[in-house]
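> Heads up: the sequence lines are chains A and B, in that order. For the first sequence, this note's numbering assigns the number 6 to the initial residue and increments by one for each residue that follows. For the second sequence, this note's numbering assigns the number 54 to the initial residue and increments by one for each residue that follows.
The set of hints was computed from the structure by calculation and includes no laboratory data. Positions of the beta carbon are idealized from the N, C-alpha and C atoms, including for glycine. Wrong hints could be hidden among the right ones.
Calculated cross-link-like contacts (lysine-lysine; reagent style DSBU-like; alpha-carbon spacing at most 35 Å) [stated by the list, open to error]:
{"id": "1", "chain 1": "B", "residue 1": "K59", "chain 2": "A", "residue 2": "K103"}
{"id": "2", "chain 1": "B", "residue 1": "K113", "chain 2": "A", "residue 2": "K103"}
{"id": "3", "chain 1": "B", "residue 1": "K59", "chain 2": "A", "residue 2": "K111"}
{"id": "4", "chain 1": "B", "residue 1": "K113", "chain 2": "A", "residue 2": "K273"}
{"id": "5", "chain 1": "A", "residue 1": "K273", "chain 2": "B", "residue 2": "K59"}
{"id": "6", "chain 1": "A", "residue 1": "K30", "chain 2": "A", "residue 2": "K429"}
{"id": "7", "chain 1": "A", "residue 1": "K273", "chain 2": "A", "residue 2": "K366"}
{"id": "8", "chain 1": "A", "residue 1": "K30", "chain 2": "B", "residue 2": "K113"}
{"id": "9", "chain 1": "B", "residue 1": "K113", "chain 2": "A", "residue 2": "K111"}
Just a sample of chain A residues kept apart from chain B, beta carbon distances all over 10 Å, derived [stated by the list, open to error]:
{"id": "10", "residue": "S9"}
{"id": "11", "residue": "F19"}
{"id": "12", "residue": "F27"}
{"id": "13", "residue": "Y28"}
{"id": "14", "residue": "K30"}
{"id": "15", "residue": "R49"}
{"id": "16", "residue": "G112"}
{"id": "17", "residue": "S125"}
{"id": "18", "residue": "N224"}
{"id": "19", "residue": "W332"}
{"id": "20", "residue": "S376"}
{"id": "21", "residue": "E452"}
{"id": "22", "residue": "T461"}
{"id": "23", "residue": "N500"}
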Amino acid sequence: MISSDVILVFVSLFIVFIGLGFYGKYWRKGDLNHVHEWSLGGRRLGTTLVFFLIGADLYTAYSFVAIPSGVFAKGSLYFFAIPYVMLTFAVALVAMPKLWTLSREKGYITASDFVKDRFSSRTLAIMIAITGIVAELPYIALQIVGMQAVLTVMLAGYANAQMVGEISLLIAFVILAAFTYSSGLRGAALTAIFKDVLVWITVIVVIIAVPISIGGFGNAFKAAKENYVTLPENLVPAYATLILGSALALYLYPHAITGVLSAQSVQKLRYSTALLPLYGVGLAILALMGVLVYAVPGAMNFLSGFPEGSRGILVVPSLILYSLPAWFSGIALLGIFVGGLVPAAIMAMAQANLLTRNIIKEIKPDLSNNSEIRITKMSSTVFKFVALAFVFSVPATYAISLQLLGGILIVQILPAVFFGLHTKSLRKNPLIVGLVAGIASGIYMVEMANSFGPLTSSLFKTAFGPIYIAVIALAINLAISFGGSAVLHRRAIKNQTGQL
Amino acid sequence: MHSSIKYVVLALLVLIPSFVNLGVPIYNRDSPELFGLPFFYWFQTFWLFACTGFYFAYAKLVENKA
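Bound conformation, chain A alone (with noise of 0.2 Å):
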């Protein structure tokens, strides 16, 4: 059983996080009645707070338990999230200005509303908003998922762990619901920095502490099975088409927009983004503790307590509870939980912007500016416990699995959104059937990369090895968005001429 200590500091760290959240509404104060005001911080966040921001939309549960679970379970392959990570940042750089400026001048706040004016297409735009929203869900869920491995560590031994689990995880949530309804993105923006410092000083704890009292990294290696060590040759084309996909995934997810947006110039922009490689040093220390678990007999044999299937998403907490000082270790959990905690609300709030500008008002164009706020801050709500209720209905696992999915259908609106930003020669009709066909042909692949089972890889077999399905759908996006504007615009000046 675990000392009370743990919670004791756990809690007292919470109460800080909560009084934080709810003293966003005061800090660089706006009018929070308007949205821009109330969902990207009224577009003045600086070079730093933008750091921490989209820092936060990177230092997920993705990085507390996907990456890490899926190192301990397979090995090398999951550290490709290091060199994904550096490379979405070149994407960030050369696509994400341009959408700033636009979006200053026009007044845009999602990318759907910029995809509707750039191409005047409703349908183009509503389904832009519907991919967004619905390849967010799953990620969300994982933001739970991750929060959960906390207090299942946390309360292990504890009478009636599940239900007080449970019952935290909902307490946590209203918490969350009412101060992002209050607060808006400064909320998110001030709790962000709070967790980011505990997750640093936890990071850098870990990888001093537990390498010296396991006698070095090599021992871990030489604990864990195979190929840990590097990548198994066959393996490498997954490797590369995995560091590709998700990179241009990453900047497409509503949440990453909004993080974007809210920057308050553009150089700001650029230097926050320049810096954000940084905050993946952590993301390979987190990485690792999937090998350093296997040289911890306490952690290890904690964990063999748990299914095996589900003993991956433990392992961080585990290491830390059993490597390091119980009051320490409240600290490190709180950092983790609250590491869900806030990405989740920016995510919610991302889905709730264009659930209520690119889909309701499109239905009803006569939206007064009250009620869309009103709408805007009761879907994030509405979002968050949809995906609360998701979690605990579906065993933990598939969030993880659901969330690889999330990434090949967000991926599909890059042709309209990056190349409709940077290029003057694609037309709706060729970008709505291009989506569609990436959408079905990714799913397809899935389906039959899982023999139509339960959804455990996102690998599709070619001839030229394993590759990550959301490059391969894309690839048939690309080619008929930019094929059929092609045919299109032949036509369209055969017929100018034809007239003359």
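We have chain A already, so just place chain B on it with the hints.
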């Protein structure tokens, strides 16, 4: 700096790190080790700092252009 040279430099500042990141065989080896960490792991972690340098130079150069 001449403007066309500037564009080439800007492109390289983004393309060089990307080429290394996607060129998996470049870093897929076990030695030399660092503190018992295989090359594969420490190189990619180290490369994060190098990327930050490339990207920061990119941001700086774009700013001077404007």
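> Look at each hint and say if it fits the structure.
Verification of the hints:
no.	hint	in the structure
1	B/K59 to A/K103	holds (19 Å)
2	B/K113 to A/K103	holds (17 Å)
3	B/K59 to A/K111	holds (30 Å)
4	B/K113 to A/K273	holds (11 Å)
5	A/K273 to B/K59	holds (21 Å)
6	A/K30 to A/K429	violated (41 Å)
7	A/K273 to A/K366	holds (32 Å)
8	A/K30 to B/K113	holds (34 Å)
9	B/K113 to A/K111	holds (26 Å)
10	S9	holds (36 Å)
11	F19	holds (31 Å)
12	F27	holds (34 Å)
13	Y28	holds (32 Å)
14	K30	holds (32 Å)
15	R49	holds (20 Å)
16	G112	holds (23 Å)
17	S125	holds (30 Å)
18	N224	violated (7 Å)
19	W332	holds (28 Å)
20	S376	holds (40 Å)
21	E452	holds (28 Å)
22	T461	holds (23 Å)
23	N500	holds (37 Å)
This entry does not satisfy hints 6, 18, going by the numbered hints stated previously.
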